[in-house]
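**Student:** Now for the letters of each chain:
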Amino acid sequence: MEKIPILRMGRFLLVTIQVDMHDQLAMQLQNDLTDRIVADRAHGVLIDISSLEVVDSFIGRMISNIAAMARVLDAQTVVVGMQPAVAITLVELGLSLEGVRTALNVDKGMELLREQVGAAGRI
Amino acid sequence: MPSATAALDRVLSNEQDILREWVRLQLAASSVHSDLIKENELREQSREFLSLFRDAVLKSAAFSTSGEEWAGVRDFLSKISRSRAVQGFTPSETATFVLSLKQPLFALLRRDLAKDAEALGEATWATTSVLDKIALYTTEVFLKSREEVISRQQHELLELSTPVVQLWEGILALPLIGTLDSARTQVVMESLLQAIVRTGAGLAIIDITGVPTVDTLVAQHLLKTVAAARLMGADCIISGIRPQIAQTIVHLGVDLSAVTTKATLADAFTLALRRINATVSLPTPKA
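Chains as they are written, first to last, in this note's numbering: chain A, 1 to 123; chain B, 1 to 287.
Worth flagging that the hints you see were computed from the coordinates, not collected in a lab. Note that CB positions come from ideal geometry on N, CA and C, so glycine has one too. There is no bait here: all hints are sound.
Computed footprint of chain B on chain A; a stretch qualifies when at least three of its residues, placed anywhere within it, have a C-beta under 8 Å from a C-beta of chain B:
(1) 82-92
(2) 103-114
Pairs of lysine-lysine residues, derived as DSS-like cross-links and limited to a Cα-Cα distance of at most 30 Å, are as follows:
(3) LYS133/B / LYS59/B
(4) LYS108/A / LYS262/B
(5) LYS144/B / LYS133/B
(6) LYS133/B / LYS115/B
(7) LYS59/B / LYS144/B
(8) LYS108/A / LYS224/B
Make a model of the complete structure from these sequences and hints.
**Tutor:** Printed below as a string of structure tokens:
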């Protein structure tokens, strides 16, 4: 069964979505990621969706849920590299992902995470 | 062959007489537009139409928009209508091209069937109905080609009206001019988001100085654009809000509190520079 890999980079977890998301896969990711945040005591999660070209309301809500769950587990989430078409679709669906931080690319996303985590006084 | 068509065909064999009279009538009717079309060009077009018309009448008496017998006439008329639409003729002038053929034809029919009033009536009716249909067809093609011109211009206008300019490394500006409707907002949104991807800019200033009115719909479109840009990781500043527009926005109860707004593009640019930690200073005057 296919699975989305979760990489650990220091205090952060890196998730790169490179396949078409379907509902089962999204649920699996949600489970795996929450497990890993706890197991690795991660302080930040970076989700790269630059290869994601199709979203529906379910996937949109999953992204927003994952961010909320991570926050409960005391980890910041940054979503990076959203494609214009995906952004327009989400807005038209009424999902503007309030509370989810976004950045243009992985580079800027990591910078944002470091700022956030550093500001919270954790080294 | 029915007698009506036979008479029409007999009459049409006097091609030279008809042509002379017809061209004379057309020139008299459209004297205003003698600058748009030359007399010999008109004569040539009339001659070609007449010969095509005669061939078609021989094969099938009734004009049809799909029949093979009339394909030649239809193609020719489409060509003429299109070229006239582009040249700037009015629809009635274009229809007159066909309708003015009636008078010379009727005159000849009257002479041909002077003895037989019933046959004359029949032949006149047959001719009139076929020419009317052709004229209607011509007008239709004329309007269709005008519509094509309009829709092409609309498309061009849409592309022209949404430039995204780079003000600074990492700062984009989108000066909006003209009324925002759903179709335009879509184009504006797409070009802004694509520019964000292309330039990697983290800040975008949407300037609405040139937007004449802001109603709830326009405000909603703006908010959607801002939300989409935020999802991609870019912040938006809305600038160029005129005093009346500020009043309208508040009276309409539009909530712009989630967006940074500035009165002028200059203010917005200063803020954007501060956000990326850049400063611009004037040179200190020499003492």
